[in-house]
Structures are given as structure tokens and as C-alpha cells.
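Chemist: Following the hints, put chain X in place on chain G, whose structure we already have.
Number of protein chains: 2
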Amino acid sequence: MLVRVLLACALALCAALASADDFGVTPPAAPVERWGTLEVALAGPSDGNPFVDVELSAVFRQGARSIAATGFYDGDGHYKIRFMPDAVGQWTYETRSNRPALHGKQGSFTVVQPAPGNHGPVAVRNKFHFGYGDGTPFWQVGTTSYAWIHQGDALQEQTLRTLAGAPFNKIRMAIFPNNDDKAGTLRFPFAGTPPRNWDLERFDVAFWRNLDKRVAQLRALGIEADLILFHPYDKGKWGFDRLPAAANDRYLRYAVARLAAYRNVWWSMANEFDFVTEKRMDDWDHYFQLVQAADPYDHLRSIHNAFRLYNHTKPWVTHVSIQHGAATLDPERAVLYRDVYEKPVVYDEVKYEGDFTRRWGQLTPEEMVLRFWNGAIAGSYVGHGEAYQDPQGMVWLAKGGTLRGKSPARLAFFRKILSDSPLEGLEPIDKWQDHPFAGKHGEYYLGYFNRERPTNWPFVLFKTGLADGMNFRAEVIDTWNMTVTPVPGTFEIKKRDDYTYADKDGRGIALPGRPYMALRIVRVR
Amino acid sequence: MLVRVLLACALALCAALASADDFGVTPPAAPVERWGTLEVALAGPSDGNPFVDVELSAVFRQGARSIAATGFYDGDGHYKIRFMPDAVGQWTYETRSNRPALHGKQGSFTVVQPAPGNHGPVAVRNKFHFGYGDGTPFWQVGTTSYAWIHQGDALQEQTLRTLAGAPFNKIRMAIFPNNDDKAGTLRFPFAGTPPRNWDLERFDVAFWRNLDKRVAQLRALGIEADLILFHPYDKGKWGFDRLPAAANDRYLRYAVARLAAYRNVWWSMANEFDFVTEKRMDDWDHYFQLVQAADPYDHLRSIHNAFRLYNHTKPWVTHVSIQHGAATLDPERAVLYRDVYEKPVVYDEVKYEGDFTRRWGQLTPEEMVLRFWNGAIAGSYVGHGEAYQDPQGMVWLAKGGTLRGKSPARLAFFRKILSDSPLEGLEPIDKWQDHPFAGKHGEYYLGYFNRERPTNWPFVLFKTGLADGMNFRAEVIDTWNMTVTPVPGTFEIKKRDDYTYADKDGRGIALPGRPYMALRIVRVR
Chain G
1 MLVRVLLACA
11 LALCAALASA
21 DDFGVTPPAA
31 PVERWGTLEV
41 ALAGPSDGNP
51 FVDVELSAVF
61 RQGARSIAAT
71 GFYDGDGHYK
81 IRFMPDAVGQ
91 WTYETRSNRP
101 ALHGKQGSFT
111 VVQPAPGNHG
121 PVAVRNKFHF
131 GYGDGTPFWQ
141 VGTTSYAWIH
151 QGDALQEQTL
161 RTLAGAPFNK
171 IRMAIFPNND
181 DKAGTLRFPF
191 AGTPPRNWDL
201 ERFDVAFWRN
211 LDKRVAQLRA
221 LGIEADLILF
231 HPYDKGKWGF
241 DRLPAAANDR
251 YLRYAVARLA
261 AYRNVWWSMA
271 NEFDFVTEKR
281 MDDWDHYFQL
291 VQAADPYDHL
301 RSIHNAFRLY
311 NHTKPWVTHV
321 SIQHGAATLD
331 PERAVLYRDV
341 YEKPVVYDEV
351 KYEGDFTRRW
361 GQLTPEEMVL
371 RFWNGAIAGS
381 YVGHGEAYQD
391 PQGMVWLAKG
401 GTLRGKSPAR
411 LAFFRKILSD
421 SPLEGLEPID
431 KWQDHPFAGK
441 HGEYYLGYFN
451 RERPTNWPFV
461 LFKTGLADGM
471 NFRAEVIDTW
481 NMTVTPVPGT
491 FEIKKRDDYT
501 YADKDGRGIA
511 LPGRPYMALR
521 IVRVR
Chain X
1 MLVRVLLACA
11 LALCAALASA
21 DDFGVTPPAA
31 PVERWGTLEV
41 ALAGPSDGNP
51 FVDVELSAVF
61 RQGARSIAAT
71 GFYDGDGHYK
81 IRFMPDAVGQ
91 WTYETRSNRP
101 ALHGKQGSFT
111 VVQPAPGNHG
121 PVAVRNKFHF
131 GYGDGTPFWQ
141 VGTTSYAWIH
151 QGDALQEQTL
161 RTLAGAPFNK
171 IRMAIFPNND
181 DKAGTLRFPF
191 AGTPPRNWDL
201 ERFDVAFWRN
211 LDKRVAQLRA
221 LGIEADLILF
231 HPYDKGKWGF
241 DRLPAAANDR
251 YLRYAVARLA
261 AYRNVWWSMA
271 NEFDFVTEKR
281 MDDWDHYFQL
291 VQAADPYDHL
301 RSIHNAFRLY
311 NHTKPWVTHV
321 SIQHGAATLD
331 PERAVLYRDV
341 YEKPVVYDEV
351 KYEGDFTRRW
361 GQLTPEEMVL
371 RFWNGAIAGS
381 YVGHGEAYQD
391 PQGMVWLAKG
401 GTLRGKSPAR
411 LAFFRKILSD
421 SPLEGLEPID
431 KWQDHPFAGK
441 HGEYYLGYFN
451 RERPTNWPFV
461 LFKTGLADGM
471 NFRAEVIDTW
481 NMTVTPVPGT
491 FEIKKRDDYT
501 YADKDGRGIA
511 LPGRPYMALR
521 IVRVR
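Chains as they are written, first to last, in full-length UniProt numbering: chain G, 1 to 525; chain X, 1 to 525.
Excised from the complex, chain G in its bound form (with noise of 0.2 Å):
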């Protein structure tokens, strides 16, 4: 299976390459897929700062439906719309802007069915859980790596490659550079020079062009791109953490028009908004509905926390994006954000895998799996991290490169079990009591016993969805070492209690008494 995943990432890799330098997007004289990147270039004045200067959009019509999506300046007198269509067919658009040589142009394409390894954006389904477009599920198994797009190119390269290997269906990223990112040869997201002589008012298009690839290559990978806007890690070296009111907002209309058509991007208003020490609590709100209003798609936002809580109950929030160092530890702990919020809750950081003197980064790969299983079983999601020290500071967590670690193949392993889960998602089976089991009541139970060494479960579930005379076979899943072993025969409930429903001759299921032991019951007709 893990073989079948490699080589499914290996061949995405070869498309993403080959399509690299071209941003992922297609003119209009070719056909384009559902939940592709449309792009409509046209060209247009370059005098004045066109990027204050111009007014560019464009409302793209099938039938009756319209959607408007904004330009955007790309240098040199080149101006772009881009445009993710969600149904098949033929459309039409017709730009508008305040200079006539951009103004009233109109044109048509045809949407074609997507190819295999699109399934068109992931938004949130059931309430607690995710699916792309298509209806496929999306079993977030995240990775970060903060400042990959900010690394000179070889590296960047490396960071796909190994994601192309890896387990991962997301990856957090910063657009802004951290403090300790070299400048070199590297671009910004602002004209001007290094270190904090920006010109506010226009932007590195070269800078932005990477972006757009490596968004793109992601896509092609199969890899969610979850954006982070702001971050607390410049700490005044470059200013980006504390720009003025109005280039805040250049900023992330600048990046909503460039990105938003890539059907991969989620928003995350910040990583640790709470340690940005220049911006209010109403700057995050107002950032979330200027996003909100820009993105003519509804992709995820989400804003992740150091200390202090975000109110995930306001509107603008599509799911909750979680820093916790223990609330992952057991199932029962990670499900009660979920019962407050009502939206997918991933918990973005849980500490990371490493060897890190700094106790966030410093977990066992062993850990770091276990938080996976207890997220799951709580009906929610995890994200991954690796911060092993490194002489030349080549740490996955900051700069991507290569992975060390031993959770990765493990999560794999997780991924796989997940996808082989009810289409609806997991869901907590009983989480009134301590009871360890996600699953579909009366049809699938995935049980996790944590750190707990069992050598027996007796056979008991929890009775809602059930009946006497139901049938069930087990699979016994050892976490670690990555095997599923079947248990022989299948077992006939019947009623025990109030609660429960209990094999009808009171046998158990044997375990090896190792930790990070998992179980697998499955209806049978």
C-alpha cells in the first residue's frame, strides 16, 4: 500500500514539474478544467504605479450564474485575471476597469471534466469534517513548514520532492519571511530592498510569481496549501508584522486576486496571532471578512493560536485550526473543542517531532503518531512537524528540505486506515464516557487504546445504531509497527445494558499488550 502511495506522489511529482513554470493555468484559447486556473492576460498601461493606479475585474457568466473575480498587476504592462470555474461547459467573461484599454474586453472557454487527481477545493462537510468538491473525502493529515518559499530554489525544489514521498494532504506556509531567512537573492513580497526599505505601494511580481508556482506544484501534488497571512516571527526585522492599516490590505487583496483560483489554498489569518504583538483583535476580525469578501470561492479561513484563543464561533470562520501541547493526549480531551465550536477543528500544532532543547519540539516519533490516532478518534484532525537539530539549521519545521523522522511512514499508515473509513467522516461513538471509539454507530468502530498496554478487549460497543443479532468481524492494528491482522471469525451481539451491546458469548479480543494498539470492527451482512 505504502509502495502504491509513493508511486502515485512520485508520477503527481512529474506533472507538477513539467507544468512548473507556467503557474498552473491555462489561457482561455484551451480548454481548462473544472477547478482549474483559468487566466485572462491582457495587457495595459504601465505608467503611473499601476498597482494602486488600476481597477481590474472581470464577471465570468454561465447561464444564469455570475461570478466576478478581481485582477490583478503582474509588471511590465501585464494584467491577469484568474478564474477557478466549478461546473463544466462554455462561459463567458467581460473585464472592467477604469482604464479603457482594460475595459469591456470579452471572451469565452470551455470547461472540461477534470483529471484524475482533481477533486476541486476542499471545503467543510457534516459539520465536523471535510470533502473536496467532487464529493471525495478530505482526511487532512497535515505537515508545516513555515519559510520553504522563502529558501533558495535547489531547496525549495528538495522540499517538493520530499513532500511528493511524504504522507501529506496540507502543508502550512508562511507568506512572509521568518527574521532569521537569509536575504540574498531571495525576493519579497514588497518591492524595494532588504531589510525594511519597502515600497508599500507595489509589489515583487517575481516574488509573487514563486508563490503562484509553488501553490501550483502543491496542486499538482494533491497538497492543500494553507496560507498563512500574518505571523509573529519577523519581530520588526523585515516590518511585515506591523505594516500600516492600508498596505495590510493591499496585501491580502493582492494575494486573494493572485491565489484564490488555485482550488488547493486554504487562508490562515496568522500562525500564533496572538503573539503578533502590533495588530488588535479587531484587526484579525476585519482581516477575516476583507478575505471573506475578496475570495470569490469561500475558501477554508482558519487562524491559529500560541496562548490565547481565537473566538472560532464567529462567522467568518470555516474550521477551527488548533496550538495545543496537551489537548491531544486523549481522545476525550481533543473532542471538547469540537462540541463547543461546531466546525472541523484540526489541530494544527500539537509539538513537534524532534530533538529540539525547547520542549514544542522535542516529542518521539512515537508522540507525535499517538496525537494523530487521539485526533482522530475525537473526530477531529492533526498536523505534523519535525524540528531535529541540524548544524546547517536545515529543519523541516522552518525551512523544508529533507524529513528525518519516524512519524511520517506512520502517518501513512494512519492516512490509509483513515481513508478506508466512513465516507461521512469519523465521529465520536460515545463521548460521554471515556471511550475511546470514532466510527459510524452500528456499521464501523475504530478503537484506540493510546498508551494503555492491553491484552484483551471484551467485545462491547456502545449501543446506539445497534441490535441483537448483528454480526461484526475485527481487525487487530498495531499503530507502530504498521500492521493489520484480522481476528479470526465474526461476533454476534446481543444486549448486555442500558448502554452496551456485547458479543452473545462474552468473548474478547486479544492484544499484545503493546502500546499504540488500535481495532477495526466492521459490520458484516
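Just so you know, the hints here were simulated from the structure itself, not pulled from any lab data. Treat the hints with care, as some may be off.
[What the hints assert, rightly or not] As a list, the in silico DMTMM-like pairs of lysine to aspartate or glutamate whose alpha-carbon atoms are at most 25 Å apart:
#, chain 1, residue 1, chain 2, residue 2
1, G, Lys314, X, Asp285
2, G, Lys463, X, Asp274
3, X, Lys213, X, Asp153
4, X, Lys343, G, Glu39
[To be verified] From the derived model, a few chain G residues whose C-beta atoms are all more than 12 Å from chain X:
#, residue
5, Gly44
6, Pro137
7, Ala245
8, Asp249
9, Val291
10, Ala334
11, Pro365
12, Arg514
All C-beta atoms, glycine included, are put in the ideal place defined by N, C-alpha and C.
Modeler: Positioned in the frame of chain G, the structure of chain X alone reads:
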């Protein structure tokens, strides 16, 4: 210590019972205590339907301040306006009414210092905690007896005697009866005849006078009355869970007009609100807003859940009232709601001590007490309940009467430990990791080992507020056997690593290898 508490309670009970028949109110002719209840009594029309026809209020003034309080009809041509003054000195009032006999009545009265035991109303303090009006901390140790005021008079009196000797300073109690309460000689909030022949435009003042009296008696005992305004246990029998909207609003306004001037009142919009089948989420929002607008004193407001949580981030919620079967099983779990809501969290229902067959009513006393400790270490508060089977159905949880469990004595001990804690409230010391300590950085640490049975605790404290050379004394607390054992000598600390300070000589504290042990560590200067 326990004897002293019992004595104080017994004395308070005498006072309570002595003043029982006058509903604990004071006429303007006599001096009224600060935070006592002044009652202006007026004679007025008894024709028509005074409950709905007559509007009555008064403005109470002291210097430049004025507070408006709504009056109510108490039957037989008697009208009353109750007022809780919050400052000593001279006050005046003037009534307003749509009936001439009640309009423009003026008077003055004197407010004197509160008597011992009157600390004022409880409000939120230090974001996560509670305090009385006079600055005394309120360490919530609650209990629950839903329908105690719907039992016979002798049983109500017995319940009060039990409370007088119990450790509880808050009781959750419903205004509407349960469906298994017996009509018999009981009175109901609305006029009419049971089970469902109510005049929804008239109240049964005899019922409300009894409620006034009981609330006043609780006040004399130093017990907050957490009044549950709606609940699902009617199930249509009396119909109070499915009144027309206008009747609900009249009921709420009448309850607030009669009871808000008792300083010990809290408003709980519901018990298990999500089990009330005939109300929608925006009904609950409306009740909150109505009560908030009607109550001149801004008494505490919350709502209690079964499986679905109300959005406690809404601005009219003053504190969080939670039912959860598993959230208080460790402090790291219990702290999560606190982080979300940034308000005091009261785990009002964590299952009950008892021997019921239903799993919510079969906690051992040890498990009941454990939940209070875990809640405290999480910087939150917990509620007690008792559900021992009884041939006559005399269950504390529902009917009151006597307590049979073994937890109350331990909760008296627990409350004593709490009341010796820093006035600011217990704050989690390091919620980022599993670290079962609360207190005040650099000054006071209360640790709790839950079900663990440690034989030694290495003297290691989280860094915040610490410096080399500080000295601490320690006590070993057996929370079940109710002993406090000083550890000989003191501990001098020095920095151990990035996160902790430890005893400079590497010493630890011997523990007896039993469960339910705690540690108290206090700075020595």
C-alpha cells in the same frame, strides 16, 4: 475546622428560619442593609387583571445615581416593589404607574452597613473567578436539588436543615416542577388547576411567596440560589416547557421583578436546554436578553446543556455552566473550556454520587470529590449531586431531604483548602503540558495527583515568577482522609533548565502511595 463551619451554618440557619415568614425583606420605615432587600408595599386596584393591566416601577435615587426597579402584583390589591441598594446612606424613591393609586408615591430610607455574613451579590472577578460585592472571593462549591421547592413543607424545611450543615454555597433549583412531582397540595407558578388548566395571564402568588421565602432562607445560609428558569423534565405534563411565547416572557419578567432584589440570585436560563424540545436557539438568546434587560443588578446569567453546548461566547452569558461526564477527569481536560470562553467555568453537572443504574448517577464518593479537585486545578468550579436509590424516591438530586453520601464531608474539607488559597483565584500554573498544579506564580502552588499513587514528588516548579534562592514550605494533603501534613523544613530553589526550578539539593517530597493526594507549596520569605 469542620466543626466551626457547621456551627456557623447552624447559627445562620436560626437567623434564616426566624425571618422566614417575612420573605427576608425590609420596609422603608426600617434601616435596610447594603445588599439587603427593601420592599415598598402599596395598595392598588384589584379589578380587571392586575398582573397584565397594571404597570408599576420605581426609581431609586442616591445623589446623582438612579436605579429603576419593576414592581409586581402580589394579589388582593397588594403591590410591591423590591430593591437591593448597593451603597449605604440615604436613598429616595418615586413610583411610576399607569394607575393613579400607584403613581408618584415617594419615600426615603436609610441603608446601613451589611451585617456579618452579608458580602453582597456574587459577580465575575479576574476573568475566570467569582467574588462578592464586598471583595470576598466566592469559591463556588455547588450542589443540585432540582425540585426541592416542589415538595411538602416539612421536606423543604428538612432540605434547608441539611444545607445548613453541608459545605455548599450554591444550589441549582428549578422554578417549574418536574413531571413526577405530585400535584397534591402543591402550588404552581401560574394560577389555575393542575395538570394543565392554567390561567397564563395570572400567577399563583402563594407559590411565589414560598419561592421568595426559600430564596431568602438560602441567602441567610450564605447559599446562592441558581434559579433554573426552564427545563425539559415537564415533558408536557404541566405544559410549562411549551408555553406560548407571551406567557414565557411574562413569567420571566415576573420572576425577575420578584426575585432580583435578593442578592443571592443567579439566573440559569435552563437545565439541559438542548433537551427542551419546544424551544429554538434564538428563543434562548431572547430569554437571556430579556432577563439581562429586566434585572437592575446584572445577576450572573448562564445556561446548562445536555449534549449540545450553547455558544457561551455570546455577550449576555456571564459564566459558563457545563454538563459533561468526562471533562473533569483531569485538569488538562477541564481547562480547555476556560481557554475557549474566557469566562468562569462551572462544571455544574459532572455525574452524581450514587447507586443509580443510569450511568450519570453512580459515581463513587471518591470519584465525585476527584472531579472537584480536578476542576479547581484547572482554574474552574464544580457542582455536586447525589442520586442514591430510595424506596420513597427521596433522592437529594430531585427532592432534597437528607444527604447520605460520603462526598460532602470531603467537599467541606476541599472548600476550606480553597478558601485558604490566593484571593485572586487558582490559576493553572502551566497548562501547556500535563502539569496538575494551580495557584499563583512564585507564591502558591496547589497540586493534585488524581488517581495516581506517587510515592515521591521531586520538588520542581514551573519557572514563571521564580528566582534562585526563593524558599518554600510544603504540606501533603490527603483529600479523601482530610489530613494536612506539613513537610519538615523548607525548600530552596535554583534554576534547573529552560522551564523549571528545583530544590537546590535535589530533594523531593515523600508521598504515601495512595490516590487522591495533593500538595500545597507556599513561599516563605
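Chemist: Work down the list of hints and note, for each, if the structure agrees.
Modeler: Taking the hints in turn, this is what the structure says about them:
| no. | hint | in the structure |
| --- | --- | --- |
| 1 | G:Lys314 x X:Asp285 | 16 Å, holds |
| 2 | G:Lys463 x X:Asp274 | 21 Å, holds |
| 3 | X:Lys213 x X:Asp153 | 12 Å, holds |
| 4 | X:Lys343 x G:Glu39 | 49 Å, violated |
| 5 | Gly44 | 46 Å, holds |
| 6 | Pro137 | 24 Å, holds |
| 7 | Ala245 | 26 Å, holds |
| 8 | Asp249 | 26 Å, holds |
| 9 | Val291 | 21 Å, holds |
| 10 | Ala334 | 9 Å, violated |
| 11 | Pro365 | 19 Å, holds |
| 12 | Arg514 | 22 Å, holds |
Hints 4, 10 from the earlier list are contradicted by this structure; the remaining hints agree with it.
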